[in-house]
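Asker: Chains A and B, in that order, give the protein sequences.
Using my numbering, you'd call the opening residue of the first sequence number 1 and step up by one each time.
Using my numbering, you'd call the opening residue of the second sequence number 381 and step up by one each time.
Check the hints yourself; a few may be wrong.
[Stated by the list, open to error] The calculated BS3-like cross-link candidates involving lysine-lysine, where the alpha carbons are at most 30 Å apart (straight line), are:
| # | chain 1 | residue 1 | chain 2 | residue 2 |
| --- | --- | --- | --- | --- |
| 1 | B | Lys-623 | B | Lys-496 |
| 2 | A | Lys-372 | B | Lys-426 |
| 3 | A | Lys-263 | B | Lys-775 |
| 4 | B | Lys-495 | B | Lys-436 |
| 5 | A | Lys-372 | B | Lys-727 |
| 6 | A | Lys-32 | A | Lys-263 |
| 7 | B | Lys-614 | B | Lys-418 |
| 8 | B | Lys-775 | B | Lys-727 |
| 9 | B | Lys-426 | B | Lys-436 |
Read the hints as simulated data drawn from the structure, not as lab findings.
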Amino acid sequence: MYLDLELTESEKMLKRTALDFMRREVPNEIIKTLLETDTGYTEELWRNIVEMGWPGIIVPEQYSGEEYTLTSAGVLLEALGSGPLPGPYFSSAILGSLIVMEAGAEEQKQEILPAVAEGEKILTLALTEPEYSWEPDAVQTNAANENGDFILNGLKLFTLEAEAATHFIVVARTQNNTDPARGISLFLVDSQCDGLTVRRVPGFLSGRSFEVKLNNVKVPGSALLGEKDVGWDNLQRAINKAIPILCAYKVGGAQAVLEMALKYSRSRVQFGRPIGRFQLVQDMIIEMVNHVDAARWTTYEALWKLDTQRPSEESVHLAKAVTSTAYWEVCTLAHQVFSGVSYSEEHAVSFHTRTSRHLYNFLGDPSYHRQKLGQLLVPL
Amino acid sequence: MNFSLDYTEEQEQFAKEVRAWLDENIPEDLIPVRDTRKMSIEQWEKRREFTRRLGKKGWLYPRYPTEYGGGGLDMDFHFVILEELGKKGMALPPLYDMGILCAPAVLACGTEEQKKRILPRIFKGEALTWQLFTEPEAGTDAANQQTNALRSVREKDHFIINGQKIFTGSFPSKPEQLYVLTRSDLDAPRHQNLTSFVIPADLPGITVQPLDLFILTTFPAATGPTGANMEGVKHTVFFDDVKVPESCMIGKEGEGWKVTIATLDVEHSGGFGGATGNFVVEEFLSQCRNNPNILMRLRENPQLLDSVVEIYIGEQIERLWTLRNAGGMGGPYAGPQLALFEKMFGKRLAPLMAKVLGPYTFADDEQWGMGNGIFEVGQRCAVALAPGGTPEALKIGISRALAVGR
Numbered sequence: 001m002y003l004d005l006e007l008t009e010s011e012k013m014l015k016r017t018a019l020d021f022m023r024r025e026v027p028n029e030i031i032k033t034l035l036e037t038d039t040g041y042t043e044e045l046w047r048n049i050v051e052m053g054w055p056g057i058i059v060p061e062q063y064s065g066e067e068y069t070l071t072s073a074g075v076l077l078e079a080l081g082s083g084p085l086p087g088p089y090f091s092s093a094i095l096g097s098l099i100v101m102e103a104g105a106e107e108q109k110q111e112i113l114p115a116v117a118e119g120e121k122i123l124t125l126a127l128t129e130p131e132y133s134w135e136p137d138a139v140q141t142n143a144a145n146e147n148g149d150f151i152l153n154g155l156k157l158f159t160l161e162a163e164a165a166t167h168f169i170v171v172a173r174t175q176n177n178t179d180p181a182r183g184i185s186l187f188l189v190d191s192q193c194d195g196l197t198v199r200r201v202p203g204f205l206s207g208r209s210f211e212v213k214l215n216n217v218k219v220p221g222s223a224l225l226g227e228k229d230v231g232w233d234n235l236q237r238a239i240n241k242a243i244p245i246l247c248a249y250k251v252g253g254a255q256a257v258l259e260m261a262l263k264y265s266r267s268r269v270q271f272g273r274p275i276g277r278f279q280l281v282q283d284m285i286i287e288m289v290n291h292v293d294a295a296r297w298t299t300y301e302a303l304w305k306l307d308t309q310r311p312s313e314e315s316v317h318l319a320k321a322v323t324s325t326a327y328w329e330v331c332t333l334a335h336q337v338f339s340g341v342s343y344s345e346e347h348a349v350s351f352h353t354r355t356s357r358h359l360y361n362f363l364g365d366p367s368y369h370r371q372k373l374g375q376l377l378v379p380l
Numbered sequence: 381m382n383f384s385l386d387y388t389e390e391q392e393q394f395a396k397e398v399r400a401w402l403d404e405n406i407p408e409d410l411i412p413v414r415d416t417r418k419m420s421i422e423q424w425e426k427r428r429e430f431t432r433r434l435g436k437k438g439w440l441y442p443r444y445p446t447e448y449g450g451g452g453l454d455m456d457f458h459f460v461i462l463e464e465l466g467k468k469g470m471a472l473p474p475l476y477d478m479g480i481l482c483a484p485a486v487l488a489c490g491t492e493e494q495k496k497r498i499l500p501r502i503f504k505g506e507a508l509t510w511q512l513f514t515e516p517e518a519g520t521d522a523a524n525q526q527t528n529a530l531r532s533v534r535e536k537d538h539f540i541i542n543g544q545k546i547f548t549g550s551f552p553s554k555p556e557q558l559y560v561l562t563r564s565d566l567d568a569p570r571h572q573n574l575t576s577f578v579i580p581a582d583l584p585g586i587t588v589q590p591l592d593l594f595i596l597t598t599f600p601a602a603t604g605p606t607g608a609n610m611e612g613v614k615h616t617v618f619f620d621d622v623k624v625p626e627s628c629m630i631g632k633e634g635e636g637w638k639v640t641i642a643t644l645d646v647e648h649s650g651g652f653g654g655a656t657g658n659f660v661v662e663e664f665l666s667q668c669r670n671n672p673n674i675l676m677r678l679r680e681n682p683q684l685l686d687s688v689v690e691i692y693i694g695e696q697i698e699r700l701w702t703l704r705n706a707g708g709m710g711g712p713y714a715g716p717q718l719a720l721f722e723k724m725f726g727k728r729l730a731p732l733m734a735k736v737l738g739p740y741t742f743a744d745d746e747q748w749g750m751g752n753g754i755f756e757v758g759q760r761c762a763v764a765l766a767p768g769g770t771p772e773a774l775k776i777g778i779s780r781a782l783a784v785g786r
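Produce the complete structure using the sequences and hints provided.
Answerer: Okay, structure coming up:
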């Protein structure tokens, strides 16, 4: 039988190394501080991450990357999610790399990917706008061709990690077409460009989510990633690969929260016994375990399908719908198990609660993916 | 990782052998196990014959040791047998047989003599076994046995059994063998007062009576989507001064709970049946895609698609946890977790399907009803939570395995 659900030896080692890294370099006090900052990282922490080779985890070797499988990247992200590690790691190393790998022309890959793998360039996707949606018809930001340059105008909203990013991947319309997915192009835009302004959207649960204004931002023709007008398909391919890796990050978070709740319910005594002895508490624990296990296995199957070039569309929607819900619910249940003590800003459960909320809609929320899944299951 | 259930070359070779054998040995006109509406005594007899043939071949209990009449195969080949039987509309076992629960107990706790005497008859499909744990006063509290098995005063190497068991067996099968839990000591503390037996079903003093339940037709098993054990009607069994020789006692006197645990671990572990999906859900999806009446409902109200998705998600989780358990990657709680999920998913299925399919869901009718397990789901949601342990009992098992419970 081919069925083999164990991690490979190198994946096990990667997991151990990453969990160890989290314990050593990113303890709770650091996470709490980082969650408050606009970038979510410190120079020192980013240097350490670069030393581990992680920014290039999925970048092909020919572009100075590690060329790991998506499953291995999932294993790493699961470990990083246990903190959770804040900052632009996913935005740049996973989603950013994938978009450049899918969309970039050869010389762009040669220029951009090594810089991402070395941690010198930090990328983030600027796609969604005030009409918040992950569908192409919501893209209204315009890129006008002017003597070989492009002039970008528009407003990107709820862009993650905009303060940390050195470059944005801006999704913009270069042609009006009856098919909204046609006529969209991707641009690599330096965050220091004239006319580009960034403002963090305040909100305890909103994470590092930003408003990015593009006011006559002029970029050279070489900023166009790949071909003009066909950016949407490339973007979708990249997002589909990135989604289950993001899911793995959430699985790691949910697993960590579950373990905290298990430990607490064994040791917290009320009415003269550990609260885990109460069946009403057990019920919540079981619900948490079910969420975590549903998230874990839908996620890893989607990664396996992507790595083995199997049809994966349904699995990706499934994983994202299940996992985003799972992370959210597990955190809420944990607050119920912990009660008052978990309301502290310093309590690790609260880090995950904030993360589960601010990532809930990112790359499509559960209802979006359920809708997509429904359309695939029963074409009407 | 590899989630693939495709056959390896070795498995493909074996599958050819299995397919050829099945073509030769499946009795003519045998209806698929899912087609519960057409179940009849004649059909049951055919399944019984087919069960014997499978047993003789060693494929009824493929993974048990050959020295006791099992197949001696590993999981790779067991899986092929399940798959190929499934393609023919059959399941393993093809009829209600709680030998699947009795055999592990005998293997774990029986003497060598008992293993040689009892196991081959189970494995060869010669002795259909019923499990008799539940009593009117021993439901979820299975240790609260009131059926007494007391040493005979005149013949010290015999026990006399008196009491009543309930919710066991199936129609129209008659058991050849009973796997019974009893109270053998009226004074010993709880859990130390029990003794297990495997006895012939035709001993004097044993009366089997069908129960008048509101599930008058047949319905699929609660314990997994394989379609095995589909016959529905349950029985009560009375013991009036039933004399049983000591050689029928499994394990030591007073250690019946230990034997029972060996069974419950298997019973609460879920099967391998959902590894390739849930046939009821597959049938449901096919109705959604192909039945014009249902397509019309979905087009009129596309919101119903979310219920389709809800069902699909449940199926996928069930499938993936089955793979996880089969792949040995589940924790100590994984068995009861899967069993619990199957039950709770079964419970949710009926209202979700009714929402999408409308009243067609419940019609048991050649023209307007839906086959392949759909109409049974309506009944299943109401009555299938208890067999094999209530959800609450399973939750207690999960909690203990997670070291939060007692």
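Asker: If a hint holds in the structure, say so; if it doesn't, say that too.
Answerer: Structure-based check of all given hints:
Only pairs whose Cα atoms come within 30 Å are accepted, and Lys-623 (chain B) paired with Lys-496 (chain B) is accepted, the gap being roughly 22 Å. For the hint linking Lys-372 (chain A) to Lys-426 (chain B), the alpha-carbon distance of about 46 Å lies beyond 30 Å, and the restraint is violated. The straight-line distance between the Cα atoms of Lys-263 (chain A) and Lys-775 (chain B) is roughly 18 Å, inside the 30 Å bound, and the hint therefore holds. Proximity of Lys-495 (chain B) to Lys-436 (chain B) is assessed by CA-CA distance (about 17 Å); at most 30 Å being required, the pair is judged to hold.
For the suggested pair Lys-372 (chain A) and Lys-727 (chain B), the alpha carbons sit about 26 Å apart, so the restraint of at most 30 Å is met. With a C-alpha separation of about 21 Å, the suggested pair Lys-32 (chain A) and Lys-263 (chain A) falls inside the 30 Å cut-off, and the hint holds. The straight-line distance between the Cα atoms of Lys-614 (chain B) and Lys-418 (chain B) is roughly 19 Å, inside the 30 Å bound, and the hint therefore holds. At roughly 16 Å between alpha-carbon atoms, Lys-775 (chain B) and Lys-727 (chain B) fall within 30 Å of each other, so this suggested pair holds.
For the suggested pair Lys-426 (chain B) and Lys-436 (chain B), the alpha carbons sit about 15 Å apart, so the restraint of at most 30 Å is met.
The structure fails hint 2 only (numbered hints given earlier).
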